Amino acid sequence: MNPYAEFAICLLLIIGGAFTLIGAIGLARLPDFFTRLHGPTKATTVGVGAIVISSVIYFSTLGQGIGIEEFLITAFLFMTAPVSANFLAKAAMHLKVNTTENTRGHPWDQ
Amino acid sequence: MIVIALYITIAMVTVAALLNVYRLIKGPDAPDRVLALDTLYINAIALIILLGLTLGTRMYLEAALLIAVMGFVGTVAMAKYLKRGSVIE
Amino acid sequence: MLDRLSFPQPWLSLTLFITWQFLSDGISGGSAVLGLILAWAIPQITQGFWPDPPAFIKAWRVPAYLLRVVWDIVIASVEVARLILSPRPARPAFVCYPLELEHPLAITILASTISLTPGTVSADVSDDNKLLLIHALDAEDDQTVIDTIKTRYEKPLLEMFQ
Numbered sequence: 001m002n003p004y005a006e007f008a009i010c011l012l013l014i015i016g017g018a019f020t021l022i023g024a025i026g027l028a029r030l031p032d033f034f035t036r037l038h039g040p041t042k043a044t045t046v047g048v049g050a051i052v053i054s055s056v057i058y059f060s061t062l063g064q065g066i067g068i069e070e071f072l073i074t075a076f077l078f079m080t081a082p083v084s085a086n087f088l089a090k091a092a093m094h095l096k097v098n099t100t101e102n103t104r105g106h107p108w109d110q
Numbered sequence: 001m002i003v004i005a006l007y008i009t010i011a012m013v014t015v016a017a018l019l020n021v022y023r024l025i026k027g028p029d030a031p032d033r034v035l036a037l038d039t040l041y042i043n044a045i046a047l048i049i050l051l052g053l054t055l056g057t058r059m060y061l062e063a064a065l066l067i068a069v070m071g072f073v074g075t076v077a078m079a080k081y082l083k084r085g086s087v088i089e
Numbered sequence: 001m002l003d004r005l006s007f008p009q010p011w012l013s014l015t016l017f018i019t020w021q022f023l024s025d026g027i028s029g030g031s032a033v034l035g036l037i038l039a040w041a042i043p044q045i046t047q048g049f050w051p052d053p054p055a056f057i058k059a060w061r062v063p064a065y066l067l068r069v070v071w072d073i074v075i076a077s078v079e080v081a082r083l084i085l086s087p088r089p090a091r092p093a094f095v096c097y098p099l100e101l102e103h104p105l106a107i108t109i110l111a112s113t114i115s116l117t118p119g120t121v122s123a124d125v126s127d128d129n130k131l132l133l134i135h136a137l138d139a140e141d142d143q144t145v146i147d148t149i150k151t152r153y154e155k156p157l158l159e160m161f162q
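Residue numbers (our numbering), protein chains in the order written: chain A, 1 to 110; chain B, 1 to 89; chain C, 1 to 162.
With the rest of the complex left out, here is chain A (with noise of 0.2 Å):
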């Protein structure tokens, strides 16, 4: 295989990787429902984009054709985790969740 495809790979999968273990450490370490939402927004779905298009290197460099399920997939997710976001939070400031001391501003009532 193609030395540069190869590394590429390599180094995004660990990329890849590393941000979704960071999504997790921040969804078990961080104080209160809305800070521990930013986790799996962000980190999360940036880590299986990057595995995604690792997927898309590697089969299009065994000339397996490029994937088109991989783009799907990556542009589903990114479509889907601000509105799941979105309703979570909702749903979490009508059921009055309690927020850490030092959050400024206080949510609305729903």
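Just so you know, the hints here were simulated from the structure itself, not pulled from any lab data. Here the structure is a predicted model, which is why all the values come from computation and not from measurement. Ideal Cβ positions, reconstructed from N, Cα and C, are used throughout, including at glycine. Only true hints are included.
When the alpha-carbon atoms are kept at most 30 Å apart in a straight line, the in silico BS3-like pairs for lysine-lysine are as follows:
(1) Lys155/C / Lys130/C
(2) Lys130/C / Lys96/A
(3) Lys150/C / Lys58/C
(4) Lys26/B / Lys80/B
(5) Lys58/C / Lys130/C
(6) Lys58/C / Lys155/C
(7) Lys130/C / Lys80/B
(8) Lys83/B / Lys130/C
(9) Lys96/A / Lys80/B
(10) Lys96/A / Lys26/B
(11) Lys150/C / Lys130/C
(12) Lys26/B / Lys83/B
(13) Lys83/B / Lys96/A
(14) Lys96/A / Lys150/C
Here chain B is said to cover these stretches of chain A; the calculated rule only asks that three of the stretch's residues, wherever they fall, bring their Cβ under 8 Å from a Cβ of chain B:
(15) 14–22
(16) 46–54
(17) 73–80
Knowing the structure of chain A, use the given hints to seat chains B and C on it.
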């Protein structure tokens, strides 16, 4: 080289999934659990793609696409249920 | 009668058709026919849920905006990652953002962009579409957050929709 990178990545994503399960069990509120499930399905997509890379087949991508679609619908339904008390009004 | 046979949302129909071709592994006669049926039926069924289309969109500005957003998503992830791993506690804040955009579609795009980019998640829109509630993960003060969003995202969207 790719094999080593693959194994490292699979290990990282597995640890990430375990952390999500920790949040899923610990809670403390219902939205936290739904958020953990949401992250868990995204991690499942990553694991399936990595499995496909390890086995050198593209067959698993269909499954990943289906999980992406169904997981989103599930998250939205659960969030709507938490907010309104019913999914379809 | 003619109304029933038309495509009320041409762009949605086109997107649906192309997506169906992608999903069914390449273009064939069968997938083209089924794609056409879907591209006709789904906009007809969901007609009632769509807001009125904006009068005019400057479509040539869309790619530049998308590129900027993709770049910012990468930067945002690095920033959030650094914040998650750093030992100091975050400074979260709820910020009320005054909207200049008026069209519902534009507000949706802005809210999605905010959710995907630096340290902010949009939480709610007020009933009169004037205020957007944003949760920022790490904000020194509210005004910086508002100014950044205003110059980086709302200005291009305003130009696009007017």
